[in-house]
Amino acid sequence: MFIPWVFTFGAELEGLSNSEFLEDPTKLSNALRSIHNYFQADGIVCYGDVSLLAEVLGSRLPSQNSSPESELLKKLTEDFEEHLEKLPQVSLIAVALEVTKRLNILLPETLFLSVIPGPVTLACRLTGQTVGGVCADSKLLGTASKAVLVMTKALGDAGIDLLIVHEDALPPLNKAENSQVDISKILRRSYTPIWNTAKFYELSPMLMLKEWLPENEEILHKLVKDIVYPANKLPTNQSHAKSLAVSIPTALLEKSPEEIHEFLDIHGVSSLIADSKLFLLTTDSEIPPDIHKEHMIRGIKVLRDVLKKSP
8 MFIPWVFTFG AELEGLSNSE FLEDPTKLSN ALRSIHNYFQ ADGIVCYGDV SLLAEVLGSR
68 LPSQNSSPES ELLKKLTEDF EEHLEKLPQV SLIAVALEVT KRLNILLPET LFLSVIPGPV
128 TLACRLTGQT VGGVCADSKL LGTASKAVLV MTKALGDAGI DLLIVHEDAL PPLNKAENSQ
188 VDISKILRRS YTPIWNTAKF YELSPMLMLK EWLPENEEIL HKLVKDIVYP ANKLPTNQSH
248 AKSLAVSIPT ALLEKSPEEI HEFLDIHGVS SLIADSKLFL LTTDSEIPPD IHKEHMIRGI
308 KVLRDVLKKS P
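For my numbering, count along the sequence shown from 1 and bump the result up by 7.
Be careful, since some hints might not be right.
[Said to hold, decoys possible] With a Cα cut of at most 20 Å, we get these calculated SDA-like pairs of lysine to any residue:
no., residue 1, residue 2
1, Lys160, Phe207
2, Lys192, Glu224
3, Lys34, Val97
4, Lys192, Tyr208
5, Lys316, Ile304
6, Lys93, Glu62
7, Lys240, Lys206
8, Lys300, Glu62
9, Lys206, Pro256
10, Lys108, Asp49
11, Lys34, Gln136
12, Lys308, Pro256
13, Lys284, Ile273
The hints are simulated quantities; they were obtained by calculation from the structure and are not laboratory data.
Nothing here was measured: the structure is a model prediction, and the numbers come from that model.
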């Protein structure tokens, strides 16, 4: 199935500001329905702003002359748990959940995909720490994981079908000989409750990474079952999976049909499609508002047609 990561682009299509798009459940649900009718993809991204959760929890990008990390860390450790209980009622989150419920009624045969930040990414955005620093701090990562877990439960209750947990990056997961920190164990404690909760709601949870380290692949498979692979980093050994989730560069949508077909052929995506081993095809990032619209529409049609011709 093909579900491009189209979300806030709906504001552009509907001539809305981002605030109008995200704050009004009627306008948001109408925009997402328009996207679905317009592109005729196999599903809808009903929640796809990976920065929203951190913003709701009080994060702002630090300016050059400020250091909000200590203040945010204090907030996390003192009243984070209490704040999390109310998270589904916070305005922007409540709107996203309401929209998902409405779309389930309006489009009962449609698949609904949500993209949420992974705990490492959320912790980084809340505190300003590096990926390595976050992964070495099990307490911080644990509190961020609880926020992601609350969102997973709320989205499951709202009726989504597919869940992508999106991390900007992870550090090398092979434990160095002189290291006292086993990052893979810390991540396992972080990811396992999220994945178990997703499965309880009969979702299909997948881990997606903005920055892919090939040396992490083997360990990642021990941490989570399903991964969204970059199209140019498909695993050489595919025997462990009946089907794969794959992401293509968002910029590929602006290329000519010939270039799109060539990319799919060179990187083995065409073979996955021909062998019926492609579970999900999506874009590796959210489609930006400044993308060339006509080219993007053409690119989505090319990809949709490719999948329609599959066995």
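Next pair to validate is Lys316 with Ile304; report whether the Cα-Cα distance is within 20 Å. 19 Å, holds
Just to be careful, I want the Cα atoms of Lys206 and Pro256 compared with a cutoff of 20 Å; is the pair within it? At roughly 28 Å apart (the allowed maximum being 20 Å), Pro256 and Lys206 break the hint.
Please work out if Lys192 and Glu224 have their alpha carbons no farther apart than 20 Å. 15 Å, holds
Please verify whether Lys192 and Tyr208 have alpha carbons no more than 20 Å apart. Roughly 25 Å between the alpha carbons, so the hint for Lys192 and Tyr208 is violated.
Please work out if Lys284 and Ile273 have their alpha carbons no farther apart than 20 Å. 17 Å, holds
Can the restraint linking Lys240 and Lys206 be considered satisfied, given a maximum Cα separation of 20 Å? It is violated: about 26 Å lies between the C-alpha atoms, which goes past 20 Å.
CA of Lys34 to CA of Gln136, is that 20 Å or under? With Cα atoms ~36 Å apart, Lys34 and Gln136 exceed 20 Å; violated.
So if I understand the rule, the pair passes when the alpha-carbon distance is 20 Å or less; does Lys160 with Phe207 pass? 9 Å, holds
Tell me if the straight-line CA distance from Lys300 to Glu62 falls inside 20 Å. Answer violated: Lys300 to Glu62 is near 28 Å, above 20 Å.
What's the verdict on Lys93 and Glu62, does the C-alpha distance respect the 20 Å limit or exceed it? Holds, at about 15 Å.
Between Lys34 and Val97, does the CA-CA distance stay at or below 20 Å? 18 Å, holds
Hinted pair, alpha-carbon criterion (20 Å max): Lys308, Pro256. Please report holds or violated. Distance ~16 Å between Lys308 and Pro256 Cα, so the pair holds.
The earlier numbered hints that this structure contradicts are 4, 7, 8, 9, 11.
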